[in-house]
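Number of protein chains: 4
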Amino acid sequence: MSIASASQRIPEKVFRDPVHDYVYVQHQLILDLINTKEMQRLRRIKQLGASIFTFHGAEHSRFSHSLGVYEITRRIVDKFYRSYPSQEPGDGLWDDKERIVVLCAALLHDIGHGPFSHTFEKIFATDHEALTQAIITSPETEVNQVLRQVSPEFPEMIDSVINKTYPNPQVVQLISSQIDADRMDYLVRDSYFTGTNYGNFDLTRILRVMHPYKDGIVFDYAGMHAVEDYVTSRYQMYMQIYFHPVSRGMEMILNRLMQRAADLYQDDSIYFDPQSPFLIPFFEKNWTLNDYLNLDDGVLQCYFAQWLVQNPDAILSDLADRFLNRKPFKSVTFDKEKDQANLAKLLTLIEELGYDTHYYTALNSSFDLPYDFYRPNAEKPRTQIELLEKDGTMVELSQASSLVQAFTGKPRGDQRIYFPNELYYGKNHDHISLFEPLLDNIHDMTRTGKLRALD
Amino acid sequence: MSIASASQRIPEKVFRDPVHDYVYVQHQLILDLINTKEMQRLRRIKQLGASIFTFHGAEHSRFSHSLGVYEITRRIVDKFYRSYPSQEPGDGLWDDKERIVVLCAALLHDIGHGPFSHTFEKIFATDHEALTQAIITSPETEVNQVLRQVSPEFPEMIDSVINKTYPNPQVVQLISSQIDADRMDYLVRDSYFTGTNYGNFDLTRILRVMHPYKDGIVFDYAGMHAVEDYVTSRYQMYMQIYFHPVSRGMEMILNRLMQRAADLYQDDSIYFDPQSPFLIPFFEKNWTLNDYLNLDDGVLQCYFAQWLVQNPDAILSDLADRFLNRKPFKSVTFDKEKDQANLAKLLTLIEELGYDTHYYTALNSSFDLPYDFYRPNAEKPRTQIELLEKDGTMVELSQASSLVQAFTGKPRGDQRIYFPNELYYGKNHDHISLFEPLLDNIHDMTRTGKLRALD
Amino acid sequence: MSIASASQRIPEKVFRDPVHDYVYVQHQLILDLINTKEMQRLRRIKQLGASIFTFHGAEHSRFSHSLGVYEITRRIVDKFYRSYPSQEPGDGLWDDKERIVVLCAALLHDIGHGPFSHTFEKIFATDHEALTQAIITSPETEVNQVLRQVSPEFPEMIDSVINKTYPNPQVVQLISSQIDADRMDYLVRDSYFTGTNYGNFDLTRILRVMHPYKDGIVFDYAGMHAVEDYVTSRYQMYMQIYFHPVSRGMEMILNRLMQRAADLYQDDSIYFDPQSPFLIPFFEKNWTLNDYLNLDDGVLQCYFAQWLVQNPDAILSDLADRFLNRKPFKSVTFDKEKDQANLAKLLTLIEELGYDTHYYTALNSSFDLPYDFYRPNAEKPRTQIELLEKDGTMVELSQASSLVQAFTGKPRGDQRIYFPNELYYGKNHDHISLFEPLLDNIHDMTRTGKLRALD
Amino acid sequence: MSIASASQRIPEKVFRDPVHDYVYVQHQLILDLINTKEMQRLRRIKQLGASIFTFHGAEHSRFSHSLGVYEITRRIVDKFYRSYPSQEPGDGLWDDKERIVVLCAALLHDIGHGPFSHTFEKIFATDHEALTQAIITSPETEVNQVLRQVSPEFPEMIDSVINKTYPNPQVVQLISSQIDADRMDYLVRDSYFTGTNYGNFDLTRILRVMHPYKDGIVFDYAGMHAVEDYVTSRYQMYMQIYFHPVSRGMEMILNRLMQRAADLYQDDSIYFDPQSPFLIPFFEKNWTLNDYLNLDDGVLQCYFAQWLVQNPDAILSDLADRFLNRKPFKSVTFDKEKDQANLAKLLTLIEELGYDTHYYTALNSSFDLPYDFYRPNAEKPRTQIELLEKDGTMVELSQASSLVQAFTGKPRGDQRIYFPNELYYGKNHDHISLFEPLLDNIHDMTRTGKLRALD
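Residue numbers (the UniProt record's numbering), protein chains in the order written: chain E, 1 to 455; chain L, 1 to 455; chain V, 1 to 455; chain A, 1 to 455.
Treat the hints with care, since some could be wrong.
Since the list gives no way to pick one copy over another, a pair counts as held whenever it fits inside one copy or between any two copies.
[As the list claims (entries may be wrong)] Derived pair list, reagent style DSS-like, types lysine-lysine, alpha-carbon separation capped at 25 Å: (1) K37 - K390; (2) K330 - K37; (3) K345 - K390; (4) K338 - K390; (5) K79 - K97; (6) K79 - K13; (7) K13 - K390; (8) K13 - K450; (9) K390 - K450; (10) K450 - K338; (11) K338 - K410; (12) K330 - K285; (13) K330 - K390; (14) K338 - K97; (15) K336 - K37; (16) K214 - K79; (17) K390 - K336; (18) K330 - K97; (19) K214 - K336; (20) K330 - K13.
Hint data in this document are derived by calculation from the structure and do not stem from the laboratory.
The shape of chain E in the complex, shown without the other chains (with noise of 0.2 Å):
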């Protein structure tokens, strides 16, 4: 094969999405990467991770936003093949011959997440990007084989799309910029399923008003309001679900559970082998790129419901317990700065009720999130989002828009001490009522919500 007869269509295929009413399919290697089994996998794999447990209605996968990624991008070509073709090679406008690469780039550039990917990373020291990566670029999978008869190079090209290698920045940008098809998708789609409507920005009137430009993509300056719009969604979004404090509660005890059976392997692994087979290569710190194919929710949920019932190590059972069962950590926010002496006698008194605050209490800062925010004056000049002016010039989006200019630069979120939930509400439980004075002391250090010094 080649790029050009890659390129070639093939009978329309659809898929009924609720965000983009349909996905069209258009080319038999896209059907084909979508039927690899490392695709069909991400249908076993959460797009929004622990955020369930707040928001009951966003159990989407990250095969929805995939095919959501490559749905926007698919659009956005259209446009700028039917209004800005490129006519010769170095005149800044659509390059048409470029839509397969970007496409396949589009539907593959979350390859490589696994289940709960960002409390496993830590744990685990994997690394969904270097994942990624591999699964294109590795001869062993599907997703390469189906790339490779394309032509033998074709698997790099699309992962130096990914890893903004890419010569074209206008196919880069597409993927990964301040306002890219990722995001675009992520943020109407957990809007959708977790029905608020902060992320429901004008995608429509977005498409609208890209261009494609030398240097990449840049949006009308009459479209402002509308990239303003966004920006206002992905704050919104950030602050309102993904860095929820009760999530992040249960994303804690996720992170003490793993790092408990991590530990616990050390000692002996009788614990875990041959009940969790699919996890010992981890706890080995010797895993391949198959072992961690073989990742998914169910399958940690599985062995999390196997320790629950089996596993003779109390704490991993009350931890599997607390996750399996929804019972978040409770949390107040801290100064970093001014708290350090409140937050070591909140963990003295927490240890004195016989907790061990190693697996029973959390610090998280919301910054530390792999999230971002728009940030226009970062190392990578490029992403800017740049408007073009009716007279041919260029204005920084924070220079034009004094909203964008207050989160300019700014980092938002909070940082929380997370702690086990019944201490907050002790006193009611009659059995805890031995400590009371101690619970006491923590409800007074924490009932308004902000960490304080006991009176």
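Position chains L, V and A relative to chain E; hints supplied.
Quick look at chains L, V and A alone, frame taken from chain E:
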């Protein structure tokens, strides 16, 4: 406690729901039930099972649906209480003492469902209705413990609502009738998540035209068209979503996969023990309620994945691969009376190609699926939909609506024979070209979508 | 110019549309047509006339609807062009030279509508279809001048599409058939603006399963349920929205008001001249196309308001008051065959109360309203809905769908007698208590909603 | 009657509303108010005036909006009554005796609006706020008659709520504050009908986090992001919808048209009498409340149409043509300080082309438009948005939200000079080629969208 104290309102808690905007919880008892591990387990069981393989958005869980049924019931009861409050016993109006009873029943009506219920039940002889009863009435469950706090008989009261033996027919019909809160929620919810509009009847209008009545629930004659619309929505959802041939093609694979596992276990349990611990009791046909509660979608899929990688049985691995990696059986319709010879011929051809037809073909009649259409003249006339005219007379719906009459008493659906997808497109697959004449024959018999005689 | 040059694309212009998101204009000719005064005049004519008095949101104009019909047609044609482009004349596929023709026809199909067409036509013997033709073909209109720029025959071509005499049946059926762009737009649009969901069929799926065909437009058999859904939507919209008894109660007042004005003018034109200048030609039965184009909803309502304040005729003022201030006639259904005596009796009672029954009562049969249901066996068999099976055979829809068969050939609707609202609730109005026995009788005859004999 | 008896509930009546699904009417008094001719008149006055020329869907009336404000208020009051019922006078909680008062005020708050208010007021010195007061308190209106049935002082009570002098600040702020029921309805309603999503903030969440408080209404601190979202929606709607340059281009024509009529009448009333009877009192500057109530959109448009056809004044006819047939003035922005010379130059050029710049140009500053952004530090500090923290302290919104701070105290909008559209594209119009050099100059000064000096 008592029903009266359980009926006390607490400060409202809400769950953000994409279908009903908010689910409002106003009683501690409801909140405690939601927090039981049996309810939380429903988060890990998809509402539509294999339908996600056709409608990728429909990844919502039975937990979401259960909250939705609760919320619709709550809204109906609020309306009944506001508009038709009982003044004295036996006046046929709404007695608000029933509120907490019907809300508990609404929330718990599906608590006995397990993973891929319809298929699992066939292979392992479980019964989700009996299990619902068991979960409510067995002292070992958290659900039962929460309910028992109201009174020792309260669990049985709730069970009797779900079993339709509760004395107040209004309460029973809100949960189980031709137009109950259960169906109302799943039609709109499944519509929302599939991204189709077929189930999207006029819920608010239906709620407005419902009345409590001596013998149950009736509808204003003026609302007849809204009820017609609901009946049509049900029909459309069954025809277009629930009976989709491709989803059934995945369900058939699941059925064959579980059957193969059950058969293999009889031969030699070493295949499954100890790596599929939660399934052993079912293979042994000796399971407890706790065993049942250990199961969920993730557990089964985890075991399937382990079988795919580790199990030496080729058929089991292959079927696990087809299920996990979405390789649905292909199908054609047939006529049970006329096509017996054709069926036999087709099976012979498939067998000659080396397939064990016991595991690689399946007949599926959608009439057998445990959903049902509106059928007013069934054995239980109480669940007819009755319209109340201005002068107080009642008319049974199909007498008033010729549209509904078109549906009445006529089962819809089809019968299909399922077989491996590769046989249908076989001629394009070089590696099986040896068998070409056989494949030609299969192709001839199936290419119109209806089984037909070989020329 | 020529059809070829009129078919040249211009940089896309868009209209933001709440139903279709955007309406895309890609030809200068279409833009010029939209900007004619005849099209702009449709902004001042409501799509649903008196229905706004029942559904206050349904205030949208025929202008919006015309853009919508254009846009649906454009999307169908795009799909036809992409999927079924004609290779040679007579191959039954889509000939894209027809694009500009069908788009013009779609945009202009309702151009001849006037204010409250259905009522106005009855009193003043205008005919919106003839007027559509006149506006397109008369050299004095801007529409004609724009069309003529393409070629001298172009206006007649467009007219022949709307009149169904154009040679290409695909073009004709896109604009006028049982499932055309006109109906598709008004069902979804009227649903959107009334705030009901009944007309909200699966438009995108319908567009997907449409095909051009030698004799017109057909639908994939696989899309049968989507077509059923459309037919049901039509039925529901007629039953619940278009035939709503209260809207018709306002329409009856409008009818009587215009009739009274026409009758009065015959007696003495001084009542109306010079203050209602735009109506004089119609009173005189001697009007030109320009006279017709002067009329719109605002003009009529302005004159009604002036009559209310200034006209010495008590009946005219009173009817104007009832119309402007929303005092609909009340109605009951009756049986044309059995209720003749009851009708006579009721009219006598109303007359005895001092009402001129010529202006204060009205019979309305909704079967007479100029909308129609799906009727596949009508005199024009070309407009049957045909389903195309995989093997190439055609099935007429009602043969395939028992649901549609329930609608087939059976007119729906009812007959009602309308009378002043105050007679129904009369007993509560003290100032007419003198007539109480008569009111008692009227109340008895009408209180069940169906006309019945006086006891 | 009395407030107590007016507060009695009646069997619920509903209005189907596309924005709020249903509007629920539960008091006879509200129903009677809706049925007054002054309320019904609002059906004939569009909510957004000239915006329909840009957003063709936005044809909704002030009647729809008034019902919407009523409904939002009703929902807030229901929530207040359920969650924060006053126990004793002065406790700062919700006193449900205020319910009927605030509902009447909500329904009637816009009753004094006339056709194209903002423009009409400028030319004819009417004042919709004073007229609202007059309609409520003048004994001749039906509204007043209905209100007076409650008590002689009741009309003044309602008026004082709208005038912000009513003693209970909660009642006042529900109707008039930075985040009141009026604005909440128009943002979501105008979004719905324009088909944009900008005004679509999280209404249900806002309602959830509102509290009555001693000095008015406050919001839970936890709901800060929902309030931010609302403020951003307001900003977006003003920037993108209400201040749209093309809508203002139509408004400028309307302004010039009315001014021309007023000026002409001073010269010679024969132009308008007797064919524009309802406008004469305004030309005469001697009008009554009844005269005002005779006006609506249709009346003005009818007169414009008559002027277009019959009036001998060329400027009046031409401006009427531009308005009725949508020929908006074109505009460019300018800087009030720096562009004085440029403005003068441009006006000179236009005059040299033969236009009377008094009627054919206009300066428009959107800051002058009678909508306003959130401005917490204005002269009335009570209407600041206050957030209530868990420990009972209050924070003013912009102190808590840097996003809102970006908006605070900074007027947004622009200044534009408007001129005939044909001058902008003049060079393409052959018939004015004589003036080409002048047109060239105009083109040069305006082609970037910002006024600039002639080279």
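Hints versus structure:
1. K37 - K390: Close neither inside one copy (48 Å) nor across copies (31 Å); limit 25 Å.
2. K330 - K37: Result: close only across copies, 19 Å inter versus 39 Å intra.
3. K345 - K390: The answer is between: 23 Å across copies meets 25 Å, while 61 Å in one copy does not.
4. K338 - K390: between (51 Å within a copy, 21 Å between copies)
5. K79 - K97: both (15 Å within a copy, 23 Å between copies)
6. K79 - K13: both (20 Å within a copy, 13 Å between copies)
7. K13 - K390: The answer is between: 17 Å across copies meets 25 Å, while 39 Å in one copy does not.
8. K13 - K450: between (53 Å within a copy, 22 Å between copies)
9. K390 - K450: The answer is between: 10 Å across copies meets 25 Å, while 50 Å in one copy does not.
10. K450 - K338: Result: close within a single copy only, 12 Å intra versus 51 Å inter.
11. K338 - K410: So K338 and K410 pass the 25 Å test inside one copy only (20 Å; across, 34 Å).
12. K330 - K285: neither (32 Å within a copy, 42 Å between copies)
13. K330 - K390: between (53 Å within a copy, 16 Å between copies)
14. K338 - K97: neither (57 Å within a copy, 49 Å between copies)
15. K336 - K37: So K336 and K37 fail the 25 Å test inside a copy (45 Å) and across (36 Å) alike.
16. K214 - K79: within (17 Å within a copy, 32 Å between copies)
17. K390 - K336: Only across copies: K390 and K336 sit 21 Å apart there, 47 Å inside one copy, limit 25 Å.
18. K330 - K97: So K330 and K97 fail the 25 Å test inside a copy (53 Å) and across (35 Å) alike.
19. K214 - K336: neither (44 Å within a copy, 36 Å between copies)
20. K330 - K13: between (47 Å within a copy, 17 Å between copies)
The structure shown violates the earlier hints numbered 1, 12, 14, 15, 18, 19.
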